[in-house]
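Could you build all of it, start to finish, from the sequences and the hints given here?
Heads up: the protein sequence lines correspond to chains D and A, in order. Residue numbers for the first sequence follow the numbering used here, so the first one is 1 and each next one is one higher. Residue numbers for the second sequence follow the numbering used here, so the first one is 1001 and each next one is one higher.
Please note: incorrect hints may appear among the correct ones.
As the list claims (entries may be wrong) - Cut-off 30 Å, straight-line C-alpha distance, at most; resulting in silico cross-link-like pairs (DSS-like, lysine-lysine):
(1) D:124 - D:201
(2) A:1429 - D:126
(3) D:201 - D:75
(4) D:124 - A:1429
(5) A:1176 - A:1116
(6) A:1203 - A:1176
(7) D:194 - A:1116
(8) D:192 - A:1429
(9) A:1203 - A:1171
(10) D:124 - A:1428
(11) A:1429 - D:201
(12) D:192 - A:1428
(13) A:1428 - D:126
(14) D:194 - A:1428
(15) D:75 - D:192
(16) D:126 - D:201
(17) D:201 - A:1171
(18) D:124 - D:192
I should point out that these hints are in silico values taken from the structure, not numbers from a laboratory.
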Amino acid sequence: MKHQHLKQALFLLLVALPFLGFAHDVTSADQELLRHGGLWAYIRVGATHMLTGYDHLLFLTGVIFYLNSFIDILKFITVFTIGHCITLIGATYAGITANEHLVDAVIALSVLYKGFENLGGFEKLKVKSPNLLLMVGLFGLIHGFGLSTRLQSFDMGQEQFLAKILCFNLGVEVGQVLALIPIVFVITLSRKHKQFPAFYKAVNWYLVLAGVGLFVYQLYGYFNGHH
Amino acid sequence: MKFNRKNIGKTLKNRVFSPLYLLLAVILLCSHDLYIKLDTYFLESGQEATLSLYNGTFETSENTITRDRMLDASLLFQGQRLNIDASQWTDKDSTITQFKFTPIETGTYVAGVSTKARNIELTADKFNNYLEHDGVLDMLEYRTDNDLLNQDAVERYEKHVKAMYQVGDDKTDDWKIPLGYPIEFVPLANPYETYTGETLEVKLLLDGEPLSNQLVFADHVEGTHAHRHHDHGHHEHEHHGKKHKHDEGKQDHDHDGKKHHKHEHNDNKHSHDHDHDGKKHSHEHKHDDAKHKHDHDGKKHTHEHKHDDAKHSHDHEHDDGEHSDDHNSKKHTHTSGQQLRTNDQGIVTIDLPHDGIYYLRTIHMVPVTDSDELTHQSKWATLTFEVTHEHDDEAHTHDHEHEEGIPNWVFIVSSLLIIGLLFLVFRKKK
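Written as structure tokens, this is what we have:
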């Protein structure tokens, strides 16, 4: 029975992973869609970006892995959502932007951080771990700034500027909910299996490695122009 | 980090100083170009679009066009000419006259507006200034050579403007059909089958005949259809062998050694340095409460004035707001860009080095000798269109960051392998 749960979890993981494969493919096709598709296009591109943004999803995976109850998941995801809404809407409206590679590098560090924390890294270093809810809120702000930087890379025009930002934000939330469903499902199923501790360690070590890898990749992109 | 919106200081400054600059503009009354502009020049069938008449510069419109001034307003598509009725125009913000429409048929469209002639009386100094700043250099030279610089002027002017835009993918031949205006630009190739890095030949017709040896100015701004590149530390790409590099907060272009065009943009400074056909031309703009200065080799041309985001005026003149050299903080367009001269066949060749909306302008002026009322007569023409790079389905080489990130399959496979491997390791350890 327990083997069955792990198999189901791994199967769902395999099914969900291809979505990550579209990671950050926000392209000229999206620009065309935004130009001609009105506000609906902003919702669609926002959702697509969240569904295919592996750094955001990896961070959320790390957050959910640490939590056991649905209430906790709801609480942390709400804080993360509030955080990214603030910077996504605020920074885009105010026209505040930064180098995309640097923002994505910090987001990569958030993935690394979550994996490190889930693996008890702070305890091993005998350091008091920062308040988790506060950190999730802080990283929410950073992820929101990353989303804002991406949104601002599009030619949005001047008409309905705020409405476009809000629609993109709405799309991000829709995408987040859609992405969370399989993530929560996979993690919940895997918890019932006796091999969960190994799976937990494997995924969180993967988050650490992915965080380091993405961080290096973004820095390489920053220093080498990457165009 | 950049902060380019909601700059509180700037906003306050705008609110405080803009009315003063506007007042100054009204007092000084400078020359106005007329352009037909669209939000986008690439439309889909069934997509509503707005055709706007900009009476001022290409960036800023100062006045609406009253309907009684319009001799003709037409759309040309699929070989048909559709008259735009006066009642279909609306005014926006008392500065822009607009016509909203929804094209259904695909093709290359032509829009044209022709205005009635008006007279303007100018003192000699103001007339000379206007000739210089608006690029009517042949008339200025004529006045200089004939010792007429002290002669006041009464000029009759009329404006005839066109825009070309593309609906859907079908390219039609309407672009080559003249609208029959007293002066007009007619391209010799479809601008929508001409791409970035190429050139476009345009014929200038005066009363239906090629007009030779006429000065034409061509410039461009970034178009809505242009691909945006992300704001990285620096940015470099090549268009048809012409290197083009941008640094953050700074744009520096060097194209084929002929033209040098340098921009520096930050919150306070904006400078241009051009070399057009041997006539050096440099601009230096400083924004906020700063100054704005231009220098032209040979013909010195200097402006020094304050401006912020709003408007500023040159010391030109003119009637009922009809001639004005107002412009917003970023651009100065009367004689910027390429300075060209039509050949014996009335043709100019426009360089199209970048994606963007291109605008051509010319003022053809002749002295009037057989009138008690007039001393000069001018006919103004503009043409706008948008140019983008060629989209080749087989070799589409956009250099987009996100399109060349980590390949999807690499990410998926490596992620699965790593998780699987780690899982096996940790299971075995246990």
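>> Tell me the hint numbers this structure goes against, listed in increasing order.
In response: 7, 17
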